[in-house]
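**Student:** Could you build all of it, start to finish, from the sequences and the hints given here?
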Amino acid sequence: NAGVTQTPKFRILKIGQSMTLQCTQDMNHNYMYWYRQDPGMGLKLIYYSVGAGITDKGEVPNGYNVSRSTTEDFPLRLELAAPSQTSVYFCATRDRGSTDTQYFGPGTRLTVL
Amino acid sequence: GQQLNQSPQSMFIQEGEDVSMNCTSSSIFNTWLWYKQDPGEGPVLLIALYKAGELTSNGRLTAQFGITRKDSFLNISASIPSDVGIYFCAGRTSGTYKYIFGTGTRLKVLA
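Chains as they are written, first to last, in my numbering: chain D, 1 to 113; chain B, 114 to 224.
The set of hints was computed from the structure by calculation and includes no laboratory data. Some hints could be false.
Derived DSS-like pairs: lysine-lysine, alpha-carbon spacing no greater than 25 Å straight-line [unchecked claim]: (1) B:Lys221 / D:Lys44; (2) D:Lys9 / B:Lys149; (3) B:Lys211 / B:Lys149.
Covered stretches of chain B, as calculated for chain D (at least 3 residues, CB under 8 Å) [stated by the list, open to error]: (4) 143–156; (5) 204–214.
Which residues of chain B face chain D? A partial, calculated answer using Cβ under 8 Å [claimed, not checked]: (6) Gln116; (7) Gly198; (8) Phe201; (9) Gly217.
Even glycine gets a Cβ: it sits at the ideal position worked out from N, Cα and C.
**Tutor:** Structure representation (structure tokens):
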């Protein structure tokens, strides 16, 4: 039972490049989230999904896209990388129900130069 | 974007001391959560609170849901070196799936 896995762990992009951050979970959780954490700051919600085929914007969605074709996977796409997107990206899952426990992945550290 | 304000931003304490931190919001939340983040890892949930005035403990940690529903508090008693990390509060409004996170309190424990 791996929980939440994120790939890659680290990545350096040039301005204007694109990439996909992968997030996979094996807990069969309905809800999945993408957050970014800038240095010395808290987490800001980028996008979230309440189930396969359903996604919605969070606080800071500009410059990102997501898809949720399966329960297990929730990739985050950066189309035209900008230095402002340098951050650590965390994926999280939550089971449907009364509990608010989110399970976080280990994060992807992205630098855009 | 909206964020919760946490204080203090950082604190250095001696091992064995008690620690208090708080989180305030301009909005009402129906759920308050406290997380701990170790360096290089994702946050881990410590305590969840669901009712105004609720006091909940998890070992040496005690958290309270403020009666105004606009604040929450976390206390750590008899701190130990492994308490080092960043503590985040988070809030959720009833009927939504979204969480707003605080700015974090960075705790360092001196042995």
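**Student:** Tell me, which hint numbers fail for this structure?
**Tutor:** 7
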